[in-house]
Amino acid sequence: MTARAFTRPLLYLILTGLSLFFLMPVYVLLVTSLKPLDQVTLAQMWDLPKTIDFSSYGEAFTKLAPHFVNTLYLVVPATLLSALLGSLNGYVLSKWRFKGSDWVFTGLLFGMFIPYQSILIPLIQFLRDINLYNSIPGLILVHVVYGIPITTLMFRNFYASIPKEMIESAQIDGAGIFKIYQHIMIPLSITGFVVVGIWQFTNIWNEFLFAVTITTSEQQPIMVALQNLSGSQIVEWNVQMAGALLAALPTLLVYMFLGKFFVRGLLAGSVKG
Amino acid sequence: MNNGITTPSAQQLNDGKAVAATNKKRGITTDRLLSVLFILPSIILIAIFVYGFIGWTGYVSLSNWNSLVPDLSFAGLKNYVFLFQDFRFQADLRNTLFFTLLFIAIVLILGLLIAVLLDQHIRAESLFRNIFFFPMALSFVVTGVVWQWLFNPSTGVNLFLKKFGLEPMWYTSVTVIPGVEWGKIQFGIPVAILAVVIAAVWQMTGFSVAMYLAGLRGISDELREAARIDGASEFQVYTKIIFPLLMPVTVSVIIIMAHISLKIFDLIYAMTGPGANFVTDVPGVYMFETTFRGNYYANGAAIAIIMLLSVAIFIVPYLISSRKREAS
Numbered sequence: 561m562t563a564r565a566f567t568r569p570l571l572y573l574i575l576t577g578l579s580l581f582f583l584m585p586v587y588v589l590l591v592t593s594l595k596p597l598d599q600v601t602l603a604q605m606w607d608l609p610k611t612i613d614f615s616s617y618g619e620a621f622t623k624l625a626p627h628f629v630n631t632l633y634l635v636v637p638a639t640l641l642s643a644l645l646g647s648l649n650g651y652v653l654s655k656w657r658f659k660g661s662d663w664v665f666t667g668l669l670f671g672m673f674i675p676y677q678s679i680l681i682p683l684i685q686f687l688r689d690i691n692l693y694n695s696i697p698g699l700i701l702v703h704v705v706y707g708i709p710i711t712t713l714m715f716r717n718f719y720a721s722i723p724k725e726m727i728e729s730a731q732i733d734g735a736g737i738f739k740i741y742q743h744i745m746i747p748l749s750i751t752g753f754v755v756v757g758i759w760q761f762t763n764i765w766n767e768f769l770f771a772v773t774i775t776t777s778e779q780q781p782i783m784v785a786l787q788n789l790s791g792s793q794i795v796e797w798n799v800q801m802a803g804a805l806l807a808a809l810p811t812l813l814v815y816m817f818l819g820k821f822f823v824r825g826l827l828a829g830s831v832k833g
Numbered sequence: 455m456n457n458g459i460t461t462p463s464a465q466q467l468n469d470g471k472a473v474a475a476t477n478k479k480r481g482i483t484t485d486r487l488l489s490v491l492f493i494l495p496s497i498i499l500i501a502i503f504v505y506g507f508i509g510w511t512g513y514v515s516l517s518n519w520n521s522l523v524p525d526l527s528f529a530g531l532k533n534y535v536f537l538f539q540d541f542r543f544q545a546d547l548r549n550t551l552f553f554t555l556l557f558i559a560i561v562l563i564l565g566l567l568i569a570v571l572l573d574q575h576i577r578a579e580s581l582f583r584n585i586f587f588f589p590m591a592l593s594f595v596v597t598g599v600v601w602q603w604l605f606n607p608s609t610g611v612n613l614f615l616k617k618f619g620l621e622p623m624w625y626t627s628v629t630v631i632p633g634v635e636w637g638k639i640q641f642g643i644p645v646a647i648l649a650v651v652i653a654a655v656w657q658m659t660g661f662s663v664a665m666y667l668a669g670l671r672g673i674s675d676e677l678r679e680a681a682r683i684d685g686a687s688e689f690q691v692y693t694k695i696i697f698p699l700l701m702p703v704t705v706s707v708i709i710i711m712a713h714i715s716l717k718i719f720d721l722i723y724a725m726t727g728p729g730a731n732f733v734t735d736v737p738g739v740y741m742f743e744t745t746f747r748g749n750y751y752a753n754g755a756a757i758a759i760i761m762l763l764s765v766a767i768f769i770v771p772y773l774i775s776s777r778k779r780e781a782s
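Those protein sequence lines, which keep their order, are chains X and B. Just so you know, the first sequence maps onto residues 561 to 833 in my numbering. Just so you know, the second sequence maps onto residues 455 to 782 in my numbering.
In case anyone wonders, no lab produced these hints; they're calculated from the structure. Treat the hints with caution; some may be incorrect.
[Stated by the list, open to error] In the DSSO-like style, the derived pairs of lysine-lysine whose C-alpha atoms are separated by at most 30 Å in a straight line are:
#, chain 1, residue 1, chain 2, residue 2
1, X, K655, B, K616
2, B, K694, B, K778
3, X, K739, X, K655
4, B, K617, X, K610
5, X, K820, X, K724
6, B, K778, X, K659
7, X, K724, B, K778
8, X, K610, B, K616
9, X, K724, X, K655
10, X, K659, X, K610
11, X, K610, X, K623
12, B, K638, B, K532
13, X, K659, X, K739
14, X, K739, X, K724
15, X, K820, X, K655
The following block holds chain B by itself, in its conformation from the complex (with noise of 0.2 Å):
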């Protein structure tokens, strides 16, 4: 201590290597500050933006505010009320309904046939993938523009359609199959419908083909191999063996599908608007005029809320089962 030279004893040593334990497990606690630090952020935006404000849509929905001039008075449930009674509102529920189931039926059928087909493998695959994949990296309002100047019922595919004696109306029909009285609003599928669901078939249907290929790609050949020599046809192998593997495969593209398709806008917005006896208006498009172009806030907010409960409804239980999953 009091001489230049020192060697250090068996306890410096130690009391060094304590030294270090503690700085290294001081950084390592820091470190952990400082990981809380740089997620912090994002978190206070998504509570924010996200959470917050979906509270404060809701608290909208049940205010009297339905004009330019805010007024958050307390309204109750009277703007649900009214949408349930609503003609419109109603014709949005039961457009939502059939654009969603077919738009999902047409996609997910249509989609693992292509995708079984390119697994075949063939020629040129890659120049088939891209043009089934290429409208995806669209615009729906592109998609919306394109599919208007097709579906005129004037020209436009009807062009061909007129040789074998067809010629749909497309979105210009009111006619709705099979029409049955329900509340104020004919229930059935809307004809009119049908032309929008063509055109979001067209754009997404990439999707499908993309998920159900790696999920084909994932399935190794032995275990094709194996159920061959145990006999199975060709045929069988695949209803036997690999669609039951595609099953997660399915159950996410439902859901992705489902959620792009109950918050539709920009497409029916852009190529049909709500349409004649709006046959093909949707939440979005209703929630979108009715409070930007009506000032009907509280309507519009009430709107919000509906179309973020339907879309909640699976996705929480889906997020949930994903998490318990991973945690597994």
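Looking at chain X on its own, in the form it has when it is part of the complex (with noise of 0.2 Å):
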């Protein structure tokens, strides 16, 4: 038994007090997201609609619906294609390391802290001359890029619990290096797809810079719509509630049924080596 630090009311009046103030633009986003636009004065905030309005979500989501297409299109090949890309880097780095191999792996590390303003210039150059400026799969390899840090350090974490032994003897068997990866290492690292995944599907979805600087407008994900709701002459608070709200649903959806995975791939991108 643990002796406690706190009184039991105490502790959980902190505790809601601190959740409250968690929640609080939660109950204010639905609030005004619920309200037609006459009701959506400064005064009446914090109060409930007095009648239920959905019109708000119909007009946000005729403005936000082909941006969110645009972030589908985006997020799903960048996602499986740099959780690839991620796997096979850290098989190579946690089974097949060579001379200097743990150097190359904090070199591609470095690549995660940077500050993407540094490399925006020349990129969007480098864009320009290969005719994927303004475009979806412009995007996709930009994500996918750099990516490679964040899901090379995850796999690399995750295929080190992988015994040695189990490699040796494959290998004893005749199995060459692309057979173990096929038949030992994939089927063992389901997990590490699903929270690498859950990693990059919030990141690629939630991401703004590029998006904002590689794209114009029909092409843009919806995180620059959403942006976008708030440059018009009258601010529409309802309106831009509730595509703030659907513009999260995805991410939010994907953390309330697999949350644990997700912040799995928290600790994991946090926990360096």
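Hints given; two lone chains; assemble the complex.
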């Protein structure tokens, strides 16, 4: 039995208070998005809607839907490709180390900490040169490339837990590097793929800097479209809040159903080596 | 050899073994080669897209390219000199400094507090955990949009604060405390930045909670028990045993939060923009606007390089030390 550092009522009081702070934006978002525009006045901000009105969702959906589709086209291939690449790299860097491979790994890792502003000007020139500027395939390329460090890190740490003996006995049975990857590593790394997949899905879905600089108008992903909602002349807060919820829904749902894996990714991505 | 039936001699058996051995050896060397081939594309991509492009940006930052037409003639440090004398960039440095300090301090303290509370064998732990974690699954853009509404000075949280006679201006305030003259700007904490700090804290505290919670769960109950038997109070168990053991977690959280805060762009762009007198401007927003809205490419590149250096100063030692720690 552990002794308790706090008296129980006090403990729950503090936790509840903090929870209210964390949930406050959700409450405001929900009540605002369910109000018709004439009820969205500053003074009534905290009041519950007098009548439930879904029209702001309809309006937000009409404006965001094409960008929502863009983002799907972006996120699915980018997530799959970067997970696959990360898994290959992680396999090599954990089970087929060569001289200097640890420094290669460190060199790759640096790429996940850089401010992307420091590569943006050449990147855009490069994408123009290869005709991928202002296109979803261009954004896929960008997310796959700059996803290499984090996905490699996650898979390398993940594969470190697979015992060396398994690889060695497979080698004695005559299996080569690819057979081992295909028949031993991949089946054992389903969880790894789920964790990395969720992580990349969430990050790419939520990303803004590449999206706003590499694409314009119709090609833009959801977060740029959401940001543009507030650029209009009259700020329709109800539509904006409905839009924010719609844009956040996919990652929120992923968190709700697969939150455990999301948190694992969070911890895996931060604990080095 | 010439008759049909042969029985393998000892010599042949040995040869066979030798062949198998060379085969195996050849197999492994081919595999070795293949393993490098597997990773080579990633190495090349990162070499070009990270290191090559950084070099290119560095080159642009030393050029005269400050219009729509690329002009890569050498300008020396002109763009850097301009920035450090620029009112807006000086404001950015001040804002980034205080944003980073406040953001990290609050995320650490609040995160540790919540983690310790959650670690007290409470009911509904997973419910509470999810309440603190879910903002991390959101985009900074979503957070920015929602908190802009909440911190609207004539509404939002002010509707409550009014009852206590408080009516802060939040992100519309241009006050800088204490506001001593320094270069072209007033130095101190811009009040407006607090609104952004609160929004960022709301989004990222879950990260430090998760990290500290994992750290706390890794500390054995026996250790706590032993300390109690030695007569330590519950308070001392935390301050003398547990908090020191959590130091590596604290370092990790500081590093991760610092690099997020030094390159922050989307939250501020979505929530407040540069603000009046640039009270909420940061290098990320300035770089974006001056490069892609104003076509001052060389200035933008110089801002980007300064951002990169500010991150590299502590990321590089951190990466090298964790590499060495792993090697030993």
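Here is what the structure says about each hint:
Of the supplied pair hints, the one linking K655(X) and K616(B) is violated, its CA atoms being roughly 62 Å apart against a limit of 30 Å. Between K694(B) and K778(B) the CA atoms are separated by roughly 28 Å; this keeps the pair inside 30 Å, and the hint holds. A threshold of 30 Å between alpha carbons decides the hint, and for K739(X) with K655(X) the separation of about 14 Å falls inside it, so the pair holds. Distance hint between K617(B) and K610(X) is fulfilled; the C-alpha atoms sit about 24 Å from each other, no more than 30 Å.
Simply put, K820(X) and K724(X) have alpha-carbon atoms about 28 Å apart, close enough for the 30 Å limit, and the pair holds. Of the pairs offered as hints, the one joining K778(B) and K659(X) holds, with about 15 Å between alpha carbons and a cut-off of 30 Å not exceeded. Note on K724(X) and K778(B): the hinted pairing holds, with a Cα-Cα distance of about 22 Å set against a maximum of 30 Å. Under the criterion of a C-alpha separation no larger than 30 Å, the hint pairing K610(X) with K616(B) is consistent with the structure, at around 24 Å.
This hinted pair checks out: K724(X) and K655(X) have alpha carbons roughly 7 Å apart, not beyond 30 Å. At most 30 Å may separate the alpha-carbon atoms for a hinted pair to count; K659(X) and K610(X) exceed this at roughly 69 Å. Using a Cα cut-off of 30 Å, the hinted pair K610(X) and K623(X) holds, with the two alpha carbons roughly 26 Å apart. With a C-alpha separation of about 18 Å, the suggested pairing of K638(B) with K532(B) holds against the 30 Å cut-off.
Taken as a hint, the K659(X) and K739(X) pair is honoured in the structure, with Cα atoms around 23 Å apart against an allowance of 30 Å. Of the supplied pair hints, the one linking K739(X) and K724(X) holds, its CA atoms being roughly 15 Å apart against a limit of 30 Å. Between K820(X) and K655(X) the alpha-carbon distance is near 27 Å, which keeps this suggested pair within the 30 Å criterion.
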